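Colleague: Based on the sequences and whatever the hints tell you, model everything.
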Amino acid sequence: MSPRHGIVPRLKRKKIQEAIGSGKRMDGRELDDYREIVVKLGVIEKAEGSAEVFLGDTRVIVGVKIKCGAPFEDTPDEGVIICNAEFVPIASPNFEPGPPREESIELARVVDRGLRSAEVVDFSKLAIVPGKHVYVINIDIYILNYAGNLIDASAIAALAALRETMKPIYKVKDGEILLTDKKEPLKAEKMPVAVTMVKIGDSIVLDPSADEEEVMDARLTMTVDEDGNICTIQKSGSYGLTLEEIEKALNIAVEKAPGIRSKITGND
Amino acid sequence: MSAHFESRDLVIPGDVLYEGRIRTGDNTYRMQGKVCATRIGLVDYGRGIVSVIALEASYNSLVGDLVVGKVVDIELGQWMVEIDSPSLAILSVPDAIDAPFSPDVVMPDILDVGDMVIAKIVDLDRRRTPILSTLGRGLGKVEEGFIVRITPSKIPRLIGKKGSMVNMILKETGCDIVIGQNGRILIHGRTREQEEIVVDVINKINKEAHTSGLTNRIQEYIKGLKEEQN
Amino acid sequence: MSKKKSRSRKKKKWERVDGREPNELRPIKIESGVLPNADGSSYIEMGRNKIIVGVFGPGEMHPKHLAKPHMAVLRCRYHMAPFSTDPRRSPAPSRRDNEISMVMRYALEPAIFLERYPRSCIDVYAEVLQADGGTRCASINAATVALVDAGIPMRDLVVSCAAGKYDGKVILDLGDYEDKEGEADVPVAYMPKLSKVTLLQMDGILSSEELEKCIHLSIEGCNQIYEMQREALKKKYGIEKEEK
Chain A
2 MSPRHGIVPR LKRKKIQEAI GSGKRMDGRE LDDYREIVVK LGVIEKAEGS
52 AEVFLGDTRV IVGVKIKCGA PFEDTPDEGV IICNAEFVPI ASPNFEPGPP
102 REESIELARV VDRGLRSAEV VDFSKLAIVP GKHVYVINID IYILNYAGNL
152 IDASAIAALA ALRETMKPIY KVKDGEILLT DKKEPLKAEK MPVAVTMVKI
202 GDSIVLDPSA DEEEVMDARL TMTVDEDGNI CTIQKSGSYG LTLEEIEKAL
252 NIAVEKAPGI RSKITGND
Chain B
-15 MSAHFESRDL VIPGDVLYEG RIRTGDNTYR MQGKVCATRI GLVDYGRGIV
35 SVIALEASYN SLVGDLVVGK VVDIELGQWM VEIDSPSLAI LSVPDAIDAP
85 FSPDVVMPDI LDVGDMVIAK IVDLDRRRTP ILSTLGRGLG KVEEGFIVRI
135 TPSKIPRLIG KKGSMVNMIL KETGCDIVIG QNGRILIHGR TREQEEIVVD
185 VINKINKEAH TSGLTNRIQE YIKGLKEEQN
Chain C
6 MSKKKSRSRK KKKWERVDGR EPNELRPIKI ESGVLPNADG SSYIEMGRNK
56 IIVGVFGPGE MHPKHLAKPH MAVLRCRYHM APFSTDPRRS PAPSRRDNEI
106 SMVMRYALEP AIFLERYPRS CIDVYAEVLQ ADGGTRCASI NAATVALVDA
156 GIPMRDLVVS CAAGKYDGKV ILDLGDYEDK EGEADVPVAY MPKLSKVTLL
206 QMDGILSSEE LEKCIHLSIE GCNQIYEMQR EALKKKYGIE KEEK
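Protein chains in written order, with the numbering used here: chain A, 2 to 269; chain B, -15 to 214; chain C, 6 to 249.
Treat the hints with care, since some could be wrong.
To be verified - Each computed DSSO-like pair below joins lysine-lysine, with the alpha-carbon atoms no more than 27 Å apart:
(1) B:K207 to A:K25
(2) A:K13 to B:K210
(3) A:K41 to A:K191
(4) A:K183 to C:K185
(5) C:K34 to B:K191
(6) B:K125 to A:K13
Hint data in this document are derived by calculation from the structure and do not stem from the laboratory. A quick note: this is a predicted structure, and the numbers were derived from the prediction, not measured.
Modeller: If you want it as structure tokens, here you go:
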């Protein structure tokens, strides 16, 4: 999270750079270590799918709700995915109630692009009455505690939630859509994984803590699919990255993605 | 006239601690001849006073407190410092450089927004806004180290009786430690290993502040951590 | 069954939708100190309700002109996650959310020593993760624990429970279905040591006797929940105590 009102915490940055320079971060991690990841499925029974993720102290819940609705105009025969993120005030003293801040919109869109580009769900199989009624899948990301790296935590939670989501079955009779009480799995089979790094001075550091995000120069997220292809990239922050840094980040992302993926499948 | 609990029992707000006449201390209030707790903590009936040693308490600024704060704004002739209390604290130029404010004084050169500062609360104005001063040994802008936060109510335990706990930690780890009454602790060691031990110990004290025999246990704990590191 | 009974009109045993007795609470679980970034926090499950509350403060009041000269301002915000209900609800606050935020504030204010923090602000944020009837009561129960966890000085705890009427019978702790299909819903909040009611609302239609029955039943429920709040607060320190 970029510092509010541009307050640069100089002492903090100095200390963090010193620690990183010596090879170990303030919390004892190596530069390319993730914090402990815990995934819990089905935490919101009333939703069609849900998951809660702890990434260190960062805590995120994703709820998936499915209904029947109108398709997007440019894809009339395909189902719809809508991602939304709430940075609720309990998550941090810096989060205030009110309209979505730009970071929460960015988060929702990055997670959305990751799921969409990797075609996590076969959208063409989600039409009920092609052109008129399709499955509308709402993915709501709820941040419960901010301790850095909301993107990776949210992406893991969204994917885990989709994988256990059951969609309601609709019946079409005489032009009317009827909701049956039967359900079937949504079948989210692809597994894109987001890997986020920050640049602090000359170092690239993986899975930033809140303090590291506060003092970073730039942040880079790369979402990687099971074949090692990149399906989403997002750079944010006020400073630039060299080509070497981008290459280094790319290698880290491709190397670390399988480990994250196994945290999600390990809970099946 | 009776005590409803035993000393060191855990009580919660609203619990009736004593019925009848008795002197009242911290974290209690009187209601129709009864003395009740206002915070969660350990009740104490020592020396004819009933009080509660709070396990959780928001920081309450007292004149004389040493605090670690963050400069969040610069106004004409004064810095606004955040010390985790109900209002921001004020550090005026004369209280920082022992000279009156003049147009020559470039305030950001002395203390800029984002800087951390060690200060003493010298007054509370009529609106209970803490007034700070950095005139004095060991006070002023923080140049080295990092900050760890714990609940303000646990600070007395971290200091110990007449400094017994903190002096023991200083001796065993060789780190510089400045303890702010507002729950912020500044740590600076010569090596990261020393600093890591101190952070570990502070977190342990934060969790076990309400238990007894803590100082000795912490001393053993530090010895154990040092052995692990070697 | 004797022959006499079988000749009379057979009455089906009156049951609640989830099989509870009329004066039985749903299963309740309360935890304190669950959010590292908040000054105080609590998580509650009441039946299928799941609510998490964070408290911040006392701190500076923003905007300054809304500060009160002689006491702290208590701000409550009750908010529901989009996935908390069926169907999904919009994340924007609804009029109901605003009203519940306000009655939460009225329920909690009498218990807090607001006059000790003039010109400052205490924020209570209740996030409903899953809703199943009685969320305002559950929110108040969790908010109280969170306030104590934050070290805010209080006169007493505030406990809350609803009673009501469903299918002609006065019942305790209405679930979502009973709330929607029943004849009346009476949420109550209560300070148990001071014996004062701080929230009282009613929705539906009741005779005076039925209303009184509901209020008494609510307070019985509150007394039971009070013990659970106490346990939740003590539990945070209980484990460490045994490590001696």
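Colleague: Which constraints among the numbered hints does this structure fail? Numbers only, ascending.
Modeller: Every hint satisfied by this model.
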